[in-house]
Amino acid sequence: MIDKFVRSMAEAMAGIKDGATVLVAGFGDVGAPNALIEGLIEQGATDLTLVVNSGGRNRVAGAEPSGLTRLVALGRVKKMISSFIRAQSIAGELVRAGKMEGVVIPQGTLAERMRAAGAGIPAFYTPTGAGTLVAEGKESRWYNGRECILEEALGGDVALVEAWTADRWGNLVFRDASRNFNPVVAMAGALTIVQTHHVCDLGQLPANEIVTPGIFVDRVLHVPAGDPRPVA
Amino acid sequence: MIDKFVRSMAEAMAGIKDGATVLVAGFGDVGAPNALIEGLIEQGATDLTLVVNSGGRNRVAGAEPSGLTRLVALGRVKKMISSFIRAQSIAGELVRAGKMEGVVIPQGTLAERMRAAGAGIPAFYTPTGAGTLVAEGKESRWYNGRECILEEALGGDVALVEAWTADRWGNLVFRDASRNFNPVVAMAGALTIVQTHHVCDLGQLPANEIVTPGIFVDRVLHVPAGDPRPVA
Amino acid sequence: MSEHKPLGRTGMAARVAQDIPGGWYVNLGIGIPTLVADHVPAEREVIFHSENGILGVGPAPAKHRENPWLINASSQRVSLHPGGSFFDHAMSFAIVRGQHLDLCVLGGFQVAENGDLANWAQSAEAGTGQIGGAMDLAVGAKQVWVVMEHTTKGGEPRLLQRCSYPLTAPRCVTRVYTSLAVLDVAERGFVVRDIIAGLSFEELQARTEAKLHR
Amino acid sequence: MSEHKPLGRTGMAARVAQDIPGGWYVNLGIGIPTLVADHVPAEREVIFHSENGILGVGPAPAKHRENPWLINASSQRVSLHPGGSFFDHAMSFAIVRGQHLDLCVLGGFQVAENGDLANWAQSAEAGTGQIGGAMDLAVGAKQVWVVMEHTTKGGEPRLLQRCSYPLTAPRCVTRVYTSLAVLDVAERGFVVRDIIAGLSFEELQARTEAKLHR
Numbered sequence: 001m002i003d004k005f006v007r008s009m010a011e012a013m014a015g016i017k018d019g020a021t022v023l024v025a026g027f028g029d030v031g032a033p034n035a036l037i038e039g040l041i042e043q044g045a046t047d048l049t050l051v052v053n054s055g056g057r058n059r060v061a062g063a064e065p066s067g068l069t070r071l072v073a074l075g076r077v078k079k080m081i082s083s084f085i086r087a088q089s090i091a092g093e094l095v096r097a098g099k100m101e102g103v104v105i106p107q108g109t110l111a112e113r114m115r116a117a118g119a120g121i122p123a124f125y126t127p128t129g130a131g132t133l134v135a136e137g138k139e140s141r142w143y144n145g146r147e148c149i150l151e152e153a154l155g156g157d158v159a160l161v162e163a164w165t166a167d168r169w170g171n172l173v174f175r176d177a178s179r180n181f182n183p184v185v186a187m188a189g190a191l192t193i194v195q196t197h198h199v200c201d202l203g204q205l206p207a208n209e210i211v212t213p214g215i216f217v218d219r220v221l222h223v224p225a226g227d228p229r230p231v232a
Numbered sequence: 001m002i003d004k005f006v007r008s009m010a011e012a013m014a015g016i017k018d019g020a021t022v023l024v025a026g027f028g029d030v031g032a033p034n035a036l037i038e039g040l041i042e043q044g045a046t047d048l049t050l051v052v053n054s055g056g057r058n059r060v061a062g063a064e065p066s067g068l069t070r071l072v073a074l075g076r077v078k079k080m081i082s083s084f085i086r087a088q089s090i091a092g093e094l095v096r097a098g099k100m101e102g103v104v105i106p107q108g109t110l111a112e113r114m115r116a117a118g119a120g121i122p123a124f125y126t127p128t129g130a131g132t133l134v135a136e137g138k139e140s141r142w143y144n145g146r147e148c149i150l151e152e153a154l155g156g157d158v159a160l161v162e163a164w165t166a167d168r169w170g171n172l173v174f175r176d177a178s179r180n181f182n183p184v185v186a187m188a189g190a191l192t193i194v195q196t197h198h199v200c201d202l203g204q205l206p207a208n209e210i211v212t213p214g215i216f217v218d219r220v221l222h223v224p225a226g227d228p229r230p231v232a
Numbered sequence: 001m002s003e004h005k006p007l008g009r010t011g012m013a014a015r016v017a018q019d020i021p022g023g024w025y026v027n028l029g030i031g032i033p034t035l036v037a038d039h040v041p042a043e044r045e046v047i048f049h050s051e052n053g054i055l056g057v058g059p060a061p062a063k064h065r066e067n068p069w070l071i072n073a074s075s076q077r078v079s080l081h082p083g084g085s086f087f088d089h090a091m092s093f094a095i096v097r098g099q100h101l102d103l104c105v106l107g108g109f110q111v112a113e114n115g116d117l118a119n120w121a122q123s124a125e126a127g128t129g130q131i132g133g134a135m136d137l138a139v140g141a142k143q144v145w146v147v148m149e150h151t152t153k154g155g156e157p158r159l160l161q162r163c164s165y166p167l168t169a170p171r172c173v174t175r176v177y178t179s180l181a182v183l184d185v186a187e188r189g190f191v192v193r194d195i196i197a198g199l200s201f202e203e204l205q206a207r208t209e210a211k212l213h214r
Numbered sequence: 001m002s003e004h005k006p007l008g009r010t011g012m013a014a015r016v017a018q019d020i021p022g023g024w025y026v027n028l029g030i031g032i033p034t035l036v037a038d039h040v041p042a043e044r045e046v047i048f049h050s051e052n053g054i055l056g057v058g059p060a061p062a063k064h065r066e067n068p069w070l071i072n073a074s075s076q077r078v079s080l081h082p083g084g085s086f087f088d089h090a091m092s093f094a095i096v097r098g099q100h101l102d103l104c105v106l107g108g109f110q111v112a113e114n115g116d117l118a119n120w121a122q123s124a125e126a127g128t129g130q131i132g133g134a135m136d137l138a139v140g141a142k143q144v145w146v147v148m149e150h151t152t153k154g155g156e157p158r159l160l161q162r163c164s165y166p167l168t169a170p171r172c173v174t175r176v177y178t179s180l181a182v183l184d185v186a187e188r189g190f191v192v193r194d195i196i197a198g199l200s201f202e203e204l205q206a207r208t209e210a211k212l213h214r
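Protein chains in written order, with this note's numbering: chain A, 1 to 232; chain B, 1 to 232; chain C, 1 to 214; chain D, 1 to 214.
Treat the hints with care, as some may be off.
Unchecked claim - Chain D stretches covered by chain B per the calculated footprint, using a threshold of three residues with CB under 8 Å from any CB of chain B: (1) 18-25; (2) 74-86; (3) 96-106; (4) 144-157.
As the list claims (entries may be wrong) - The list that follows gives simulated cross-link-like pairs (lysine-lysine, DSS-like), each with its CA atoms no further than 30 Å apart: (5) B:17 x D:142; (6) A:99 x A:4; (7) B:138 x C:211; (8) A:138 x D:142; (9) D:211 x B:4; (10) C:142 x A:17.
Simulated from the structure, these hints should not be mistaken for lab results. The model shown is predicted, which means the values in this text are computed figures rather than measured ones. Note that beta-carbon positions come from the ideal geometry of N, C-alpha and C, so glycine has one too.
Chain A extracted, bound-state conformation (with noise of 0.2 Å):
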């Protein structure tokens, strides 16, 4: 019988390679899968590719900083690709100081990255950032009268997702804006492991409601884990 369910992090998080890239979903808090972030950190594993949306956000006073920013802190990212790092942030901070590698894209990009990855498409052309610093060293050529740069697919060998119901087979529903990244990174990744915060019997969830289908889906780990904390 197919059972996606693991029962405990440290299974969630094993075969974790150091030197891997791991893709993150989330747009801030919502839809970010915490829990999986804070078994990485306790799994070990090191020089990480890190692919997240705003993977250098600011320091925001009195609160505890993020398990993606502490990740980052304890020096496990060797490489950070983002669409948003703040100079000030940690992670700023660090490529600045020439000890993590930054790239900085843009949102769009980043995500139909890791959904070419996921769709077997390994390369494509797309109008945005040519004529700027995104464009440099890519190959670009003109489509309509637009210029338009060439981007390769971001897959990664491992993809941390955070979803609303999963069931056995790993089929996954969202809950509002935290859909975001999560279907695109899950089917990017050659290890997808996904949180969820409610698990329901195969059948549960209408086929016409399932956003992720489950063969996308390796583990998934139950983790009530409660709302998304307030914006700072």
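Dock chains B, C and D against chain A, hints included.
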């Protein structure tokens, strides 16, 4: 107030020009916008480029030919792009007689080319078709040890869609396997016209269950068309 | 000549079904491949994909339970397994092309000893043909198994040194199930895994253009 | 020097809101642009897109009706208009890049007379910066309006012959709303459509590096 509902087939078909590229959803008869195709026959536009998954199916003895087949038989289609044109079908015979241009392409490439058009991606590399007749005249390069060919976006002047339920913003849901090409075609048309079995008030479709957001939709006609024909 | 009884369509489908492990995601092509699902024991959980946007395709329903909105890629009315899901064609072929399927089982006209497959047209006539989802499946699935008669009705071989028909994809087939044998496609060519009772290796070779390996 | 009172953040947002027709699909960037929605009259139906996967973004809810799972691209808790929908980031940027939005309103550091926009970094330092969705929005929306102070706090002009900061996208801006004026970006450069009361064309030109046209 935004109201994408139109009250007549004439209004739905208004402005479709001779020479237009028309994208048609459906997989066989399931999810096919058959009423709109009848409307297009009536409306009169000709010299059409028709993009549809199975444009050349076998004749079924005793059965009324589909609207698509009649549109083709009327000589209104100058070019058909499809994953499936049987040599013995009416479309196939027109192609072999030199009366219509036929272009047979892989089904996944067809879907991805339309999705690319809707997503502002002018071209992409795919392994599908590399090393086959489909690759003729196309650029190729190797990614991860596999040959890939460059395919271009395929958008339409017009897209014809069948939905299960729609609201006045043009939000759509689909029934079961009738979803197929509908969301892809909807996003790829400059003028997207929908026939829907059911209509509902704004807000009745749950926000997490809308499959095609109304931004892709221009006109919606209420056509309670009944079940698809039984398979021959 | 020895006594042997070639497998029929059902026999070939059943033979393929034997080899599909539980937990695999599998797409079944049109024709004989579609029959394979009927021969997978219910207790072995295999998830069937249909390229028209379904995961979890179930068996044909009783007549009174047919759902006209639920067909497979062969346009047959089917049912949905609990846990099944619907999605659009772009997603369906993302699943295919993105190498998420463990296996597709396709029909074939010809297979070459290097794994080339021809299954969509018998000539290079431009403008017609039946590609469907075959080219995507052939490049996308982790395993590509072809099931077909060992020879044409006229006795012409289908396992060849090189395909004469237009290719579906080069070097994609990993195994072939025919009416006479099961053969792996290996670096050195066709390797015979299994022959039907009553047929010798030499007799199989006599019906095959490509060189067979043990 | 004439008497004039530059528009503040709210004033600029309200001025932009005046010009958005009913029925448009609009994305509002971080900062002043986010305020624009509050100034569109409720009876004028404008559909707001947020790049984190929402169409039909509604106003900030009352505190007791906040939904922690429903934030906009500025990470503020918002509500959803009836008819609103959620989708993933790939779809969200398909909407953006695919030119389905009628308008995006972005903040800016600099705009050049050829429509070049700079709004994500003040230097070309590698490895950090705040691109977010701006590059996609700038190339994707049918109209790109920039709203910003007419000059920097230090009085340096922001409407330039050529941007000195790294570009967000070349030749993308169609209109600029500043604290002092509304300007279209035309073939010949900036064309002044509107100036705040008490400020002359010449005085506006004095605060602008690029040549202004009437």
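Hints and how they fare:
no.	hint	in the structure
1	18-25	holds (count 3)
2	74-86	holds (count 6)
3	96-106	holds (count 6)
4	144-157	violated (count 0)
5	B:17 x D:142	holds (23 Å)
6	A:99 x A:4	violated (37 Å)
7	B:138 x C:211	violated (34 Å)
8	A:138 x D:142	holds (26 Å)
9	D:211 x B:4	violated (43 Å)
10	C:142 x A:17	holds (23 Å)
The earlier numbered hints that this structure contradicts are 4, 6, 7 and 9.
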